[in-house]
Amino acid sequence: MSNDAATALPADEPTRYSAPALEKGLDILEALVDESQGLTLNELAKKLGRTVGEIFRMAVALQQRGYVQVDAADRYALTLKLLELAHHQQPLKSLVATALPLMRELANRAKQSCHLCTHFDGRIIVAAQIDSPGLWSFGLKLGAVMGLTETASGHVLLAFRDEAERTRMLAAQIKTHGDLGMDPAQLLRRLEELRTQGYTVMPSRHTASVTNIAHPVFGVTGQVIAALTVPYIGRLEPLGSPDIEAVCEQVRDVARQLSDMMGYRGYTEA
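Sequential numbering from 9 applies to the sequence shown in my numbering.
Quick caveat, the hints were computed from the structure, so don't treat them as lab data. All values derive from a computational prediction rather than experimental measurement. Do not take every clue at face value.
What the hints assert, rightly or not - Each pair of labels, with its calculated beta carbon distance range:
id : residue 1 : residue 2 : range
1  : 112       : 252       : 15 to 25 Å
2  : 61        : 144       : 45 to 55 Å
3  : 173       : 57        : 30 to 40 Å
4  : 205       : 141       : 42 to 52 Å
5  : 216       : 43        : 20 to 30 Å
6  : 27        : 129       : 18 to 28 Å
7  : 102       : 249       : 31 to 41 Å
8  : 80        : 203       : 16 to 26 Å
9  : 72        : 41        : 33 to 43 Å
10 : 27        : 186       : 25 to 35 Å
11 : 51        : 216       : 21 to 31 Å
12 : 269       : 34        : 33 to 43 Å
A virtual CB, placed ideally from N, CA and C, is assigned to each residue, including glycine.
Could you build all of it, start to finish, from the sequences and the hints given here?
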C-alpha cells in the first residue's frame, strides 16, 4: 500500500480496514476512563452494549499488558500505563519535567498541594501532582480525569483558547459527558471574566471548604498548554501558613515562570 493510500482512507469505505479486536480494546479503555471505582465485566459489557463473551478476551489481554487492573471484587480499572506512555511524548514530557521542581517549591511555600492539568478530548487530565509538605494534604490523584466545565483548571484551559478551539473542546465535552455540565450562558460569562482577570479563584464543585486557585501556563506559540492549580484549604490554626491571597500570588508567579521556561514571551515582552 502506498503512503498516499495509507493517509487518505476513502470516505465511502470506512469499514474496509476495520480492526474489530482493536476497537473493542479501545472501547474498554474509553469506558473505564470515568469510572474511578472500576466496573465488573458485566457492568462493562452493559455500558458498551456488548456481551461478556465479546469483551472477555480483550479485557484479559489489556490486564496482561498492564493497561487495566482487576481488584478482589473482580472490578476492572485503568492503571497509569496510558499516562506513563503519554509522559514519553516529548511536549508533555518536557512540560512535566520542567514543572515538577517549580511545583515542589510552590507546595513548600504555600503549604498546599498543587497539580498541573492538560486537555485531551473534552476532558482534563492531571499530568503532575505534588502533595502538601504537612502531615496531611488534599490533592487530586495523578492521572485523574474530569470534565472541562466542572473544574477551575478546565475553565482556565477553555478561557485562553481561541473561539474555534474552545468550540471544539466543548463539543468533545458534550460527546463524552452528554452535556456541558452547566448553563452555557453562565459558562461564557465566567470564561470572559476569567480572561479579563487572568486567572480564577472558585469554590470546588466536588469538595466542601476547598477553593481552587488556577492560573494558565502558556507555550512558545502563545497558546495555553496547561493549568497550574492549588486546591486551597484554610487552616483553623494557620501557624504561619500564607493566606489565600498570598497563595494566589505564588501560583501566578510559578505559572509565569513555567510559561517563560516553556518558551512563552508574552510576560517578558509586556
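Hints versus structure:
1. As the Cβ distance of residue 112 to residue 252 is approximately 21 Å, the hint placing it in 15 to 25 Å holds.
2. In this structure the hint that residue 61 and residue 144 lie 45 to 55 Å apart at CB holds, the actual value being about 46 Å.
3. Distance hint check for residue 173 and residue 57: the Cβ-Cβ separation is about 32 Å, which falls inside the suggested range of 30 to 40 Å.
4. Between residue 205 and residue 141 the beta carbon distance is about 29 Å. The supplied range of 42 to 52 Å is therefore violated.
5. Distance hint check: the CB atoms of residue 216 and residue 43 are about 24 Å apart, consistent with the given range 20 to 30 Å.
6. Our hint of 18 to 28 Å for residue 27 and residue 129 holds, since their Cβ atoms are close to 20 Å apart.
7. A hinted range of 31 to 41 Å holds for the C-beta pair residue 102 and residue 249, which are about 32 Å apart.
8. For the pair residue 80 and residue 203, the beta carbons lie near 48 Å from each other, so the given range of 16 to 26 Å is not met.
9. A beta carbon spacing of about 20 Å between residue 72 and residue 41 contradicts the range 33 to 43 Å that was offered as a hint.
10. Judged by the Cβ atoms, the range 25 to 35 Å given for residue 27 and residue 186 holds: they are separated by roughly 27 Å.
11. At roughly 29 Å, the beta carbons of residue 51 and residue 216 sit within the given window of 21 to 31 Å.
12. Checking the proposed 33 to 43 Å range against residue 269 and residue 34 shows it holds: the Cβ atoms sit about 35 Å from each other.
Going down the numbered hints, you'll see the structure goes against 4, 8 and 9, while the others check out.
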